[in-house]
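Number of protein chains: 2
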Amino acid sequence: MLKVPKHQVAGHIARDGKLGPLVNDEGQFFKPLQGDSRGQHEAEFYESFSSNKNVPHHIHRYFPKYYGTQLVLASNGCGRLPHIVLDDVVSGYSNPSVMDVKIGSRTWYPDVSEEYFNKCIKKDKETTTVSLGFRLSGFKTFDHQESSFWRPEKKLVLGYNVDSVRLALRKYVSSNSPTDSNSIPNCAFAFEVYGGSNGVLAQLLVLKAWFEIQTLYHFNSCSILMVYQNESILMKGGDGAQAQVKLVDFAHVLDGNGVIDHNFLGGLCSFIKFIKDILQSVDQCNETNVSQLDNGP
Amino acid sequence: MLKVPKHQVAGHIARDGKLGPLVNDEGQFFKPLQGDSRGQHEAEFYESFSSNKNVPHHIHRYFPKYYGTQLVLASNGCGRLPHIVLDDVVSGYSNPSVMDVKIGSRTWYPDVSEEYFNKCIKKDKETTTVSLGFRLSGFKTFDHQESSFWRPEKKLVLGYNVDSVRLALRKYVSSNSPTDSNSIPNCAFAFEVYGGSNGVLAQLLVLKAWFEIQTLYHFNSCSILMVYQNESILMKGGDGAQAQVKLVDFAHVLDGNGVIDHNFLGGLCSFIKFIKDILQSVDQCNETNVSQLDNGP
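Line by line, the protein sequences are chains A and B.
Heads up: the first sequence begins at 1 in this note's numbering, then just goes up one per residue.
Heads up: the second sequence begins at 1 in this note's numbering, then just goes up one per residue.
The hints are simulated quantities; they were obtained by calculation from the structure and are not laboratory data.
In this text, all values refer to a predicted model and were calculated from it rather than measured experimentally.
Be aware that a few hints might be false.
The list treats identical chains as interchangeable, and a pair is accepted whether it falls inside one copy or across any two copies.
PhoX-like, lysine-lysine: derived pairs with alpha carbons at most 20 Å apart [what the hints assert, rightly or not]:
no.: 1; residue 1: K273; residue 2: K208
no.: 2; residue 1: K123; residue 2: K155
no.: 3; residue 1: K18; residue 2: K276
no.: 4; residue 1: K208; residue 2: K276
no.: 5; residue 1: K65; residue 2: K18
no.: 6; residue 1: K122; residue 2: K246
no.: 7; residue 1: K119; residue 2: K208
no.: 8; residue 1: K125; residue 2: K208
no.: 9; residue 1: K65; residue 2: K276
no.: 10; residue 1: K155; residue 2: K3
no.: 11; residue 1: K3; residue 2: K123
Next comes chain A alone, as it looks inside the complex:
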């Protein structure tokens, strides 16, 4: 039984008769092949990547597992269409907080049509793609006090400037109300999600080391998907976040031809700096609290 995914934060949505991804109960994600060549291109990337012996073993975990393509009943009611079958990255979580970050200081690439170039560069300038080297495409956090998800509107997220991106990355790991615009995000989960040996930063640094040398692929217009579960932290403490980093969306991947993906790498480094800054501010905050305790009455 295929259903509309509950935790998708960006991309086409299978709703109101539109074509979009579907999931099953066995933790699989079905992504319909888009009408133009992009869907086929993405399927070819997964074929190439999953069997590429030059991709180090430890890098494969940062990509969704690929199970080939399959004809299934499409969400738009147009009968059976080919879908890429992948691991559903969020299937292991009951209430995942999810963020989609499109990496790179441009989403266009050499030899695209003038029309596509113009469309991309306009959006790249309007969003933080040019200024930051990445943009937030969408996110949701689980508000455990309200027992419900909070998700800012797509339009709002795409209008973020540098400061709102910084704020959103703090909100994403905070336990106080995301809807109260007066409260400063407390970053209660920052250390468990972003920090530590299994956290987001550690995973991003593994990817960075690979991107400094890999010349196999250029990941144009790809996203980093971050997932974690804040309830797990509250219940188990410490290592309960199960923070995951995955690369997704490969409709525009090109052959690297012996050159590193400097566009992705530059944006990744910028994103890493934002995560580091938050961890550092949390560290300083804790130190202040401790020194206040030391100097207390």
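Position chain B relative to chain A; hints supplied.
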């Protein structure tokens, strides 16, 4: 007594009554302030940078020393004009081999005029700026067999594709004739110039580490200047190259506003990969030679 510099490989040249930089015999370089606000902007950058306490001490050596501005007789015969006074980077060399590499996958930046954007993006696409994250602006090598300099034409260099950039970076450190298009560059000086603890790669890696964290400046349209002397290697061997890396051209530097310069960093990483590839190929070549000796008759 001010003279036209002998070893300039890119930028405006003080010839035929045109405005360009001058040098004196005391190793100083005089760069005229360009008519629009760019010259003033560059002077302001040098003022800011040279007194900026947040720039680590060990980073200052990668920038020309700044001596303020001075009114001197301009090269275009228009009387005394303000010039930025700097260390002449090549003054310590008798026959320097010089290369100017403009770093970044774009030379435009947010909030420039549409006209400037269009001019930049056209050139960025025509050169390797978009594809490689850097482009060669010009270079010259000293041909010690001919006792003369070899310098490819500016137009030719700007037309380089990925393969010709790779070849030029090999030619730049080779001892066989640069004019003979049939001979494969032997990379005789690669280890001394690019490698070792004082070589180009080591210097680039210091810069990379700083660019991963520095959010003070965005170095739009800046170049890395490489200088070395091949005769010194031939005479002294080993450490005689005096390979130097300097950042130059700061007319388009902007405030970093808390964000890293992902555009420069991405391009720098791409350039580093090219240098590493050459060093690795030289290493393999030496190993092959050694093993051929081992297995010899």
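Violations among the numbered hints, reported as their numbers in ascending order: 3, 5, 6, 7, 8, 9, 10 and 11
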